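In case you want the letters, here they are:
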Amino acid sequence: MTEAFYITAEELAAKGFENTPDELMSARHLIYSSPATLNFNSPGAKGFGVKRAGLAIPGSVMLLVAPGCCGRNTALLNELGYNERFFYLLLDDTDIVTGRHLTKIPKACKEVCDSLDYTPTAVMICITCVDALLGTDMERVCRKCEEATNVPTLPAYMYALTREKRLPPMAGIRKSVYGLLKPQKRHGDRCNILGYFAPLNENCELYGLLSSVGVSTQELARCDTIESYHRLSQANFNLVINPEARYAAQDMEKRLGIPYIEINRFLRIDKIRNQYRLLGQAIGVEFDDAAYYENAKRKIESFREKYGQLSFAVGECVNADSFEMALALTEYGHKVSEIYGTVGERNFFYIKKLAELSPDTRIFSNLSPTMLNYRRMTHIDITIGSDALYYHPDLPNVPFDEEEQPFGYELAEDLMEQLSNALEKEGK
Amino acid sequence: MKKLLKFISPFAPDDSGACSVLYELGGITVICDAGGCAGNVCGFDEPRWFTKKSALFSAGLRDMDAILGRDDRLVAKLAKAQQQLEREFTAVVGTPVPAVIATDYKALERMAEKRTGVPCVTVSTDGTKLYDKGEEEAYLRLFKKFAVEAFPQEKGTAAVIGATPLDTGFTCADRIAEVIKAEGYSEVKCIGLDSGLDEIRRITRFEKIFVIAPSGIRAGAYLKESFGCDVQFHSCPLPADVTDKLSKLSPSGRTLVIHQQFTANGVRELLGGDVTCASFFMMDRSAAEEGDFHIADEADLAEKAAGFDHVIGDVSLRRALPDFKGEWTDLPHFAVSGRMF
Numbered sequence: 001m002t003e004a005f006y007i008t009a010e011e012l013a014a015k016g017f018e019n020t021p022d023e024l025m026s027a028r029h030l031i032y033s034s035p036a037t038l039n040f041n042s043p044g045a046k047g048f049g050v051k052r053a054g055l056a057i058p059g060s061v062m063l064l065v066a067p068g069c070c071g072r073n074t075a076l077l078n079e080l081g082y083n084e085r086f087f088y089l090l091l092d093d094t095d096i097v098t099g100r101h102l103t104k105i106p107k108a109c110k111e112v113c114d115s116l117d118y119t120p121t122a123v124m125i126c127i128t129c130v131d132a133l134l135g136t137d138m139e140r141v142c143r144k145c146e147e148a149t150n151v152p153t154l155p156a157y158m159y160a161l162t163r164e165k166r167l168p169p170m171a172g173i174r175k176s177v178y179g180l181l182k183p184q185k186r187h188g189d190r191c192n193i194l195g196y197f198a199p200l201n202e203n204c205e206l207y208g209l210l211s212s213v214g215v216s217t218q219e220l221a222r223c224d225t226i227e228s229y230h231r232l233s234q235a236n237f238n239l240v241i242n243p244e245a246r247y248a249a250q251d252m253e254k255r256l257g258i259p260y261i262e263i264n265r266f267l268r269i270d271k272i273r274n275q276y277r278l279l280g281q282a283i284g285v286e287f288d289d290a291a292y293y294e295n296a297k298r299k300i301e302s303f304r305e306k307y308g309q310l311s312f313a314v315g316e317c318v319n320a321d322s323f324e325m326a327l328a329l330t331e332y333g334h335k336v337s338e339i340y341g342t343v344g345e346r347n348f349f350y351i352k353k354l355a356e357l358s359p360d361t362r363i364f365s366n367l368s369p370t371m372l373n374y375r376r377m378t379h380i381d382i383t384i385g386s387d388a389l390y391y392h393p394d395l396p397n398v399p400f401d402e403e404e405q406p407f408g409y410e411l412a413e414d415l416m417e418q419l420s421n422a423l424e425k426e427g428k
Numbered sequence: 429m430k431k432l433l434k435f436i437s438p439f440a441p442d443d444s445g446a447c448s449v450l451y452e453l454g455g456i457t458v459i460c461d462a463g464g465c466a467g468n469v470c471g472f473d474e475p476r477w478f479t480k481k482s483a484l485f486s487a488g489l490r491d492m493d494a495i496l497g498r499d500d501r502l503v504a505k506l507a508k509a510q511q512q513l514e515r516e517f518t519a520v521v522g523t524p525v526p527a528v529i530a531t532d533y534k535a536l537e538r539m540a541e542k543r544t545g546v547p548c549v550t551v552s553t554d555g556t557k558l559y560d561k562g563e564e565e566a567y568l569r570l571f572k573k574f575a576v577e578a579f580p581q582e583k584g585t586a587a588v589i590g591a592t593p594l595d596t597g598f599t600c601a602d603r604i605a606e607v608i609k610a611e612g613y614s615e616v617k618c619i620g621l622d623s624g625l626d627e628i629r630r631i632t633r634f635e636k637i638f639v640i641a642p643s644g645i646r647a648g649a650y651l652k653e654s655f656g657c658d659v660q661f662h663s664c665p666l667p668a669d670v671t672d673k674l675s676k677l678s679p680s681g682r683t684l685v686i687h688q689q690f691t692a693n694g695v696r697e698l699l700g701g702d703v704t705c706a707s708f709f710m711m712d713r714s715a716a717e718e719g720d721f722h723i724a725d726e727a728d729l730a731e732k733a734a735g736f737d738h739v740i741g742d743v744s745l746r747r748a749l750p751d752f753k754g755e756w757t758d759l760p761h762f763a764v765s766g767r768m769f
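Sequence order for the protein chains is A and B.
Residues 1 to 428, numbered by this note's numbering, are exactly what the first sequence covers, in order.
Residues 429 to 769, numbered by this note's numbering, are exactly what the second sequence covers, in order.
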C-alpha cells in the first residue's frame, strides 16, 4: 500500500507550478471525500455553501429544482432555522433527460409563494449539475417565474461540474445575491465590504480604520431588512476582501457604477500594514494603524516567548490561506511540519517563500486517495484547522473556522489567543 | 403539486443507499459525480464516516468529462487508486450526471476490470430515487458477482440482509446480532455492517438468512432461487430502550406507524391493537397487512394520515401534518431526518 503522498516545499518550489505532481492536482485523481474535504466536495454542504448563501437576501426563499440527492443535506440547515425558507421541486429520471421540469418551475414558484403568509422579497431558484448539462436558460425561467408570482426571481447555480471554471459556484452565487440591487444615488462616505456571507468579527480594525477617515461600512451579512439590503447600491466603492467576490464586484461596477478595490487576507502583519498603506493611497487618505500593528506584534512575540518554538500542522479548512499562514508562522519563529492544502497558481508564491525558510515542510493534498493511509511521521505540537484535527485527534487544535470572519491584525491576534487557549487547555 | 416539498427535506437518495451497502466491504467505491453527491453521502448520509474509514471517492467529474463522455479518464483514475490502495474490488455508483449522459455501466465495468485486474461492480443509481432502491441494486449486484460458490451449511449461523444505518439507525451490528442470537443462533453476521466481502462470498454457509428491510428482499429471493438458501423476513430490531419505551405505550384509537416497512412491522408486533403501517419507501405486499399503505409525497401523507389518533414516526415529518391534533411518538429514521436513535 502506498503511503500518503507528500512533497517538501523545497522540492515543489524547484519543480515549479507547471510541474506540480498529479497527486496534488484534484483533476488528475479520484477525490478522497475524507472528513477533511467535505468543504471542497460539496458546494452545498458545510458553512455557507450555495444553498445557504443563496438565502443571504433578507426575506428571500429558495426553490431547489433538482433530483432528491442534491437537496438531501439541506436538512443540516434546518438546525439553523432555514427549514421555512427552503422548498424543493424534485426531478425524476424523465425530467433529468428531457428537461420537462422547466415548464413546471413557474407553477411551483407560484404554489410556494401562495403557501406563505407573507410575500418573499425574492425567490432564488437553485439548479444543479443536471441543468448545467441540459444547458438550461435560467434567466428565461426566472423571468417566467416573475410573471407568475410578481416576486423578483434570481438564479442560484449549484454547478459542481464547473468548480474550476471562470465562474465557480461560490463566485456565481455571490453575483446572484447582489442581483436585486438597482442603481441609485451613491454616497461618497459609504463602502461595501464584499467577500463572505458572515460579517467580519465585530472587533476587526477595518471598521475602525475606515470610520476614522469618515467612511462607513455596509455588509450583506449585516443587512437584516430588505431596505438595508437596497442601501448597498448607495456605496461609493466596494472593498473586496475575498477573490471569490471579485466577479460580483465586477458585475456591480458594470450595472451600478460602483468601482471596487481588492485587498487580501494575511497573517503576516508587515503585509497587513503595507496593504493598509496602499488602500489609504487608493482612496486618498492615510490610515493610522500603528496601535493595531504594535498590539498584534506584541501578541505574536509574547506567544513565541511563552511557548518557544512550536511545530505546527496547518490545514486548509481555516479562515486563512493555509500556505500564507504556514509562511507567517515560520517567519514568527515556529516550525511548520506539515500542510494539508490545495496548491494553486495564486498561492504558489507562498510555497516558494516557504521553500527558502522551511524547505522540509511537507505538503499533502487532503483530496488524494493516498491520504487514506496517512500516518504521522513528523513531530507536531499543535494543529490548525478541522482537517488537521482529523489527522491528529490526539494533539491540541485550533479549528479557526468560525462563521464570523477574521481579517487584518485582528486575525493575527485572534489566532494567537486561540492557540494559547488550546495549549493551556492541554496544560502546556 | 406533485413532487413539490414544502415541509420536509428530501430523503436519502438511491446513491446513498448503494454506498451504504458497499461502505464496509473493503473495496474502492467511486461515486460517479462532480463532488456534490459524494459530499452529501459522506457529510450527511453516512454516519460511519467519522468512525470507520472507507475508500469512498468522488470521480471529480467536470463538465467536459460529462459532455465528451470521457469514461477512459475515470477508469484511469480508478486504476491509479487501485494501484495505490490494493483493494479486492472496485465499485462505481451512479448519480444524475451519468444518468443525463446515459453512461454505459456495463462497458464501464468491463473497462475497469481490465485496467485494474480486480472485479468491478456498477450500480446504476441516478439520484432521483430513494435509498432503498440503491441498496436493493447494490445487494443484488454484489451477490451476483461474488456469491458464486455453494459452501457447506454451518448450523446455528445466520446472516442479515438490509442492515444499513439508513434502514436500521445502527452503525454497528451488536444490537441486531443480540436480537437474532436470542432466537437461537450462535453466530450472526450483518452483511455490510461489521463484516466484509468474505461474508458475501460465503453467504451460502449460513443456515438462515434474515431480511430486515425491503431493500434486501430481491437479494434474498436471488439467493433462495440460485442456491436454495433459507431466507426469511424478520422485523428490524430496535434499540432496547426504544423497545422498552414503545412497549409501555398504550395508544387509544387508531395508530399509524411510519418507517421502513420492517421496522414499522416490528413496532406493530410490540404494540398490538389497531395499528397501521405506512412507508415512503418500498413496501412488500406479502409483508403488509390489510390497510397498510405506501405514502407517495407530502400531500399524500396529509390525506392518508387524517383520521389517525396516534402517529409513531420520525418527528421531522410532523411539519407536513400541520392539522394533526393527535399524539406523536418520535421514532427516528436516519434516511428521513439523518437522526440516529
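Just so you know, the hints here were simulated from the structure itself, not pulled from any lab data.
Nothing here was measured: the structure is a model prediction, and the numbers come from that model.
A portion of the hints provided could be inaccurate.
What the hints assert, rightly or not - Taking lysine to aspartate or glutamate and the EDC-like style, the derived pairs with C-alpha atoms no more than 20 Å apart in a straight line are:
id : chain 1 : residue 1 : chain 2 : residue 2
1  : A       : 165       : B       : 493
2  : B       : 481       : A       : 394
3  : B       : 431       : B       : 626
4  : A       : 271       : A       : 288
5  : B       : 434       : A       : 79
6  : B       : 636       : B       : 626
- Query: Are the Cα positions of residue 431 (chain B) and residue 626 (chain B) separated by 20 Å at most?
  - Reply: Violated: residue 431 (chain B) and residue 626 (chain B) sit about 41 Å apart, past 20 Å.
- Item | Satisfaction of hint between residue 79 (chain A) and residue 434 (chain B), Cα-Cα up to 20 Å | Since the Cα atoms of residue 434 (chain B) and residue 79 (chain A) sit roughly 17 Å apart, the hinted pair holds (cutoff 20 Å).
- Task: Assess, step by step, whether the Cα of residue 165 (chain A) is no farther than 20 Å from the Cα of residue 493 (chain B), and give holds or violated.
- Result: Distance of about 13 Å is within 20 Å: holds.
- Item | Pairwise hint evaluation, residue 626 (chain B) against residue 636 (chain B), where the allowed Cα distance is 20 Å at most | Holds, because 17 Å separates the two Cα atoms, which is no more than 20 Å.
- Message: For residue 481 (chain B) and residue 394 (chain A), compute the direct alpha-carbon distance and say whether it is at most 20 Å.
- Response: holds (17 Å)
- Query: Quick one, are residue 271 (chain A) and residue 288 (chain A) close enough, alpha carbons at most 20 Å?
  - Reply: The given pair, whose Cα atoms are some 15 Å apart, holds under the 20 Å limit.
In summary, the structure is inconsistent with hint 3 from the numbered list given earlier, while agreeing with all the others.
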